[in-house]
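Here's the letter readout for the chains.
2 protein chains.
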Amino acid sequence: MMMKNKQILLAARPVGFPKAADFQLVETEAPDLKPGQFLVRSIYLSVDPYMRGRMNDRKSYADPVGLGEVMIGGVVGEVVESQHERFGVGSLVVGMFGWQEYAVSDGTEVRLVKTGSAPSSTALGVLGMPGLTAYCGFLDICKPQAGETVVVSGAAGAVGSVVGQIAKLKGCTVVGVAGSDAKVAHLTDDLGFDAALNYKSTDDYYGKLKELCPAGIDAYFDNVGGPVTDAVFGHLNRFARVAICGQISQYNATQLEQGPRLFWKLIEKQVKVEGFLVFQYANQFREAMQQLTAWVEGGQLKYRERITAGLENAPRAFFEMLQGENIGKQLVKIS
Amino acid sequence: MMMKNKQILLAARPVGFPKAADFQLVETEAPDLKPGQFLVRSIYLSVDPYMRGRMNDRKSYADPVGLGEVMIGGVVGEVVESQHERFGVGSLVVGMFGWQEYAVSDGTEVRLVKTGSAPSSTALGVLGMPGLTAYCGFLDICKPQAGETVVVSGAAGAVGSVVGQIAKLKGCTVVGVAGSDAKVAHLTDDLGFDAALNYKSTDDYYGKLKELCPAGIDAYFDNVGGPVTDAVFGHLNRFARVAICGQISQYNATQLEQGPRLFWKLIEKQVKVEGFLVFQYANQFREAMQQLTAWVEGGQLKYRERITAGLENAPRAFFEMLQGENIGKQLVKIS
Chain F
1 MMMKNKQILL
11 AARPVGFPKA
21 ADFQLVETEA
31 PDLKPGQFLV
41 RSIYLSVDPY
51 MRGRMNDRKS
61 YADPVGLGEV
71 MIGGVVGEVV
81 ESQHERFGVG
91 SLVVGMFGWQ
101 EYAVSDGTEV
111 RLVKTGSAPS
121 STALGVLGMP
131 GLTAYCGFLD
141 ICKPQAGETV
151 VVSGAAGAVG
161 SVVGQIAKLK
171 GCTVVGVAGS
181 DAKVAHLTDD
191 LGFDAALNYK
201 STDDYYGKLK
211 ELCPAGIDAY
221 FDNVGGPVTD
231 AVFGHLNRFA
241 RVAICGQISQ
251 YNATQLEQGP
261 RLFWKLIEKQ
271 VKVEGFLVFQ
281 YANQFREAMQ
291 QLTAWVEGGQ
301 LKYRERITAG
311 LENAPRAFFE
321 MLQGENIGKQ
331 LVKIS
Chain D
1 MMMKNKQILL
11 AARPVGFPKA
21 ADFQLVETEA
31 PDLKPGQFLV
41 RSIYLSVDPY
51 MRGRMNDRKS
61 YADPVGLGEV
71 MIGGVVGEVV
81 ESQHERFGVG
91 SLVVGMFGWQ
101 EYAVSDGTEV
111 RLVKTGSAPS
121 STALGVLGMP
131 GLTAYCGFLD
141 ICKPQAGETV
151 VVSGAAGAVG
161 SVVGQIAKLK
171 GCTVVGVAGS
181 DAKVAHLTDD
191 LGFDAALNYK
201 STDDYYGKLK
211 ELCPAGIDAY
221 FDNVGGPVTD
231 AVFGHLNRFA
241 RVAICGQISQ
251 YNATQLEQGP
261 RLFWKLIEKQ
271 VKVEGFLVFQ
281 YANQFREAMQ
291 QLTAWVEGGQ
301 LKYRERITAG
311 LENAPRAFFE
321 MLQGENIGKQ
331 LVKIS
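Just so you know, the protein sequences line up as chains F and D, in that order. Per our numbering, the first sequence starts with residue 1, numbered consecutively. Per our numbering, the second sequence starts with residue 1, numbered consecutively.
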């Protein structure tokens, strides 16, 4: 069966902030299946900060997307044809199917969507890679203890919003850093954060954090980097733990940004700073997913999604996510 | 018994690099002993990088030295009078007796010198705080594995020289960074480092490290900070461990120095960076000291000392240590 397949290719390597012309929408034909393969029709595509790094022609923890190749990305989809034992027609699956309507897979690194009573889209958010990132990275590196003060940057995003709520579940005082008053209100009113700081309308991050964290900061989960992180470091308590999950403030920089040298602070306060990738926790995913699902179903872990319609709008959704337009998980609805 | 006591006081808080006028040599009388006290005659005084921080009027991990107070410092001395049960006349002791000829102590945080066949001066170096700093911090944070590449900055200093030799004992490839050709020769010819880099005569730290560390860098023990550390970060391997022990390149800065923001690198390479103070390992000191002593006595752990004569020359010895004139441990011989 020949099927038309819309795809979005990486057309050019962005310099600085990416633009529409860095992508190209094409129509091809979905390839025929071979034994052991199945065809997935995309329902939701996830756009995430890490994709910006993969657009550069530089090997990082993973290879870059090649020019003219389909942009990589996590997708929830439905199996519509199958010559695969495990993934039969009608299965809801999640995998790295890319920015396209249809994908052929042999099942490698594909899993069945198991989100309980939550919608399948959550397999890309709170019950997917962002939720696992938050759960595994925060608990392993930040080691939150009841009564401690935890700060989260990018707090209204897909990862940060989960981190802050887990910190609350662990009995911590939680302060979020986010980029709009609406996000601040969401964090404190909907998600139970103790306080939040709009970094776009605050000049004195150090002073504001001092006000919001009178007992200092015991753990910091950083999605953003830059001046917010500099200010947080000024308030770290002895034996503080810092998880570096993302540095979205740096991803579009055309040269290495300069900032104050902070390592002396690590000595003075005996601080641990650890960067991580969610994959390093693969052996904890099953247990983490069970806990996250239980929390979501029990109403203790809330989530929000921002859904942009149409594959052709995926680049725009990606730009808006990089600019922080989303509250919660940014998705693209494909079909 | 009235005894004249020469002391060096902190006379002024240095701005930038300290100068002679920041210190004052005075002669007082050693106080009379009360029950439970003893009088120590200083033999060797240790001058160390951390002292620069204690001269600032700013609470760090410890209180600053007050203006007009005796400069703090570790001393090996002999008990010459005693009303103390444990520390009798003739005991060799080590403690924070300060920059002075005589000190009165009640025994708090004083220990008997037990350096085996090594001279008592080593109780301030390889078999003292610097040795413990190297042993505990390096093994706990850097977790060296045989076959890995370890880089040490400040490698010819009291701490760095011990770190590099322990790394060799653990089967690592060891590259030192130091500030003179004589130091480089000492590291490679006397201490068994695989290679060393004179950062004062090298322009391209990144390129030189690439040459000396073709398999990348698995662990970094940093005493220095600044551009050397920036270059090291460019070569860190996946799951590298970085111990931040000192940042001597920053201690005389009058404002926070700027440097490239490096935290994205921690994510990409899943790196852990940890600052520490030796005191956090107090419960390991006994075992560490036994091992260090055995290595020194067995000739596997070598050390060098630079000894400046006369209490009145302690400020100069301190300046020269900050400038890197010493190879190995910088001491001042008092009597």
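No lab work stands behind these hints, which were simulated from the structure alone. Just so you know, not all the hints are guaranteed correct.
Unchecked claim - Restricting the straight-line Cα-Cα distance to at most 30 angstroms, the calculated cross-link-like pairs of lysine-lysine (DSSO-like) are:
(1) D:K6 x D:K19
(2) F:K59 x D:K208
(3) D:K210 x F:K59
(4) F:K210 x D:K6
(5) F:K333 x F:K4
(6) F:K168 x F:K34
(7) D:K34 x D:K114
(8) F:K4 x F:K114
(9) F:K143 x D:K143
(10) D:K168 x D:K114
(11) D:K19 x D:K333
(12) F:K143 x F:K168
(13) D:K59 x F:K208
(14) D:K59 x F:K143
(15) D:K143 x F:K59
(16) F:K302 x F:K333
(17) D:K59 x D:K19
(18) F:K114 x F:K200
(19) D:K333 x D:K4
Checked hints:
1. Between K6 (chain D) and K19 (chain D), the direct Cα distance comes to roughly 20 angstroms. Compliance with the 30 angstroms bound is thereby established for this hinted pair.
2. Of the pairs offered as hints, the one joining K59 (chain F) and K208 (chain D) holds, with about 22 angstroms between alpha carbons and a cut-off of 30 angstroms not exceeded.
3. Annotation: proposed proximity of K210 (chain D) to K59 (chain F) holds, straight-line Cα distance about 17 angstroms (limit 30 angstroms).
4. Among the hinted pairs, K210 (chain F) with K6 (chain D) is inconsistent with the structure: their alpha-carbon atoms are about 44 angstroms apart, more than 30 angstroms.
5. Under the criterion of a C-alpha separation no larger than 30 angstroms, the hint pairing K333 (chain F) with K4 (chain F) is consistent with the structure, at around 18 angstroms.
6. Taken as a hint, the K168 (chain F) and K34 (chain F) pair is broken in the structure, with Cα atoms around 49 angstroms apart against an allowance of 30 angstroms.
7. Simply put, K34 (chain D) and K114 (chain D) have alpha-carbon atoms about 27 angstroms apart, close enough for the 30 angstroms limit, and the pair holds.
8. Taken as a hint, the K4 (chain F) and K114 (chain F) pair is honoured in the structure, with Cα atoms around 29 angstroms apart against an allowance of 30 angstroms.
9. Proposed proximity of K143 (chain F) and K143 (chain D) is supported: the alpha carbons are some 20 angstroms apart, at most 30 angstroms.
10. For the hint pairing K168 (chain D) with K114 (chain D), the CA-to-CA distance comes to about 25 angstroms; that is within 30 angstroms, so the pair holds.
11. Of the supplied pair hints, the one linking K19 (chain D) and K333 (chain D) holds, its CA atoms being roughly 21 angstroms apart against a limit of 30 angstroms.
12. In summary, the hint linking K143 (chain F) to K168 (chain F) is supported, as the alpha carbons are separated by about 13 angstroms, within the 30 angstroms threshold.
13. Restraint check for K59 (chain D) and K208 (chain F): satisfied, since their Cα atoms lie roughly 22 angstroms apart, inside the 30 angstroms limit.
14. A hinted pair counts as satisfied when its Cα atoms are at most 30 angstroms apart, and K59 (chain D) with K143 (chain F) qualifies at roughly 27 angstroms.
15. Taking the CA atoms of K143 (chain D) and K59 (chain F), the gap is about 27 angstroms. The hint holds against a cut of 30 angstroms.
16. Among the hinted pairs, K302 (chain F) with K333 (chain F) is consistent with the structure: their alpha-carbon atoms are about 21 angstroms apart, no more than 30 angstroms.
17. Under the criterion of a C-alpha separation no larger than 30 angstroms, the hint pairing K59 (chain D) with K19 (chain D) is consistent with the structure, at around 22 angstroms.
18. For the proposed pair K114 (chain F) and K200 (chain F), the alpha carbon gap of about 38 angstroms is over 30 angstroms, so the pair is violated.
19. Restraint check for K333 (chain D) and K4 (chain D): satisfied, since their Cα atoms lie roughly 18 angstroms apart, inside the 30 angstroms limit.
In summary, the numbered hints that this structure violates are 4, 6 and 18.
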